[in-house]
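Sequence lines, in order, name chains G and A. The numbering of the first sequence is my numbering, which starts it at 1 and goes up by one. The numbering of the second sequence is my numbering, which starts it at 1 and goes up by one.
Rather than coming from a laboratory, the hints here were simulated on the basis of the structure. C-beta atoms are modelled at their ideal positions from N, C-alpha and C, and glycine is treated no differently. Accuracy of the hints is not assured; some may be wrong.
[To be verified] Straight line, CA to CA, 25 Å or less: simulated SDA-like cross-link-like pairs of lysine to any residue: (1) G:Lys209 - A:Gly140; (2) A:Lys7 - G:Asp139; (3) A:Lys151 - A:Gly140.
[As the list claims (entries may be wrong)] One side only, chain G facing chain A, incomplete, derived with CB under 10 Å: (4) Gly25; (5) Ala161; (6) Gln162.
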Amino acid sequence: MTSLAGIAANPDLIGRCQTFESAYGVITMCGLCHPGFFENMILEGGLGRFSHYSSIIQKLESFEAFLDRKDGRVTVAIADSNHVIGYCLGSYPAHDDRWAALGDLMYELAAIEVSRNFRGLKLGERLLGMTMDDDFFEDKISYMCGYSWHWDLEGKELNAAQYRSMMKKLYSRFGFREVYTNEPNITLRAENIMMIRVGSRVTAEDQLKFRHLRFGIKPK
Amino acid sequence: MLKDYPKAIVTQDGDSVLLRPATLADENALNEFFGEIPDQEQWFFREKLNDPKILHEFLLNLDYRRALPIVAVREKDGKIIANLRLHMSMAPCLGHVAHLRVMVHPNFRALKIGSWMILDCVKTAMDLGLEKLFAEFVAGVEEAAVGAAMKLDFRHEGILKGYIKDKKGVYRDLIIMSRDLQSKWSDF
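Take the sequences, apply the hints, and build the full model.
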């Protein structure tokens, strides 16, 4: 059975692990989770379907699907031994995605979410920090696309502009900056945001290719 | 707030254009920019930044809290091809609103530079916590800018009939448009 005890007994299930005390008890951060990690885990009730908002991940199998992808990365926060209360997901873009034209240069931070019942602990920052703390990203242009229709505005009691600012602050702490693109989903609403972090070993030529691709000019 | 600048856009012909706040170092390029705006359009300038002395004073006393001037600079030669100013009030009763003015060089008007600048302005205004953005356009003169603003969710707020007089003495309407920045729920 996978639980904190199970994780301790089987370190092959994760690449790294940190524990900290919080107002809600002990929380364990697990990064670089390996396939099989989510066996017998439980999605905590603050992740799910609400009146104005649905979590991007609603089944544990979705985490495993991410781990099956090439270089798929899952970082999670665990409470009460086996309750997933937050996660950060990363993978290469899907093959039909605009950014896939640059191959393995591009890496998407596809989702980050914290349970409604565990907010205010800076878990988002911890999740993103643990995910990004890796030399792997120095060869990548890491990116996130924030779509306002995915945001839990009701749960955070924020409007879309405020939520956007919150996202900007969170990602900018890890070297991300906002960039513009004519990608149709991003341009659909002004609140939407694309942020990137350019790894230290990414060449100027690749950065220029990415700039052109942002505006629909494919690399030759 | 300004640390994300410069922000790059790429035009359909592959030219990179950088959006960034103007500084005193842009004085010559801005003089050239304003000088190349047709006379009949310069007539409608409110701040008369086409006057080198007024422009110099403006740049010398830049206060981004009151007026944030953003220039679009063609990367390959440093030419300024568009200019936008976000005007904010220090008065508490007007602290929630701002006005924008945008001008694109006549040779670069079919490249959507103005649309990108207005979008950039909307995003910046959001990040500044402003609640509403206003733009004013001269009817029959700035129709392209009106179209760009409408595509970016600006709405007609009102018209001041005959508020503007053109160089030939013809009265023109002033179109006032606004955009809410802090709407409570996504209407997607």
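Exercise. Decide if the proposed pair is consistent with the structure: A:Lys7 and G:Asp139, CA atoms, cutoff 25 Å inclusive.
Key: Cα-Cα ~22 Å, so holds.
Quiz prompt | Cut-off 10 Å, beta-carbon criterion: hint that G:Gly25 touches chain A | solution = violated, 34 Å
Quiz item: Between A:Lys151 and A:Gly140, is the straight-line Cα distance small enough, at 25 Å or below?
Solution: holds, 18 Å
Self-check item: Proposed proximity, A:Gly140 with G:Lys209 (alpha carbon, max 25 Å)
Solution: violated, 40 Å
Practice problem: Hold the hint about G:Gln162 up to the distance rule: shortest CB distance to chain A must be less than 10 Å. | Solution: Check passed: Cβ of G:Gln162 comes within 7 Å of chain A, closer than 10 Å.
Self-check item: Interface hint for G:Ala161, Cβ within 10 Å of any Cβ on chain A
Solution: G:Ala161 check passes; min Cβ-Cβ to chain A is 4 Å, inside 10 Å.
Hint compliance for this structure: hints 1 and 4 are broken, all remaining hints hold.
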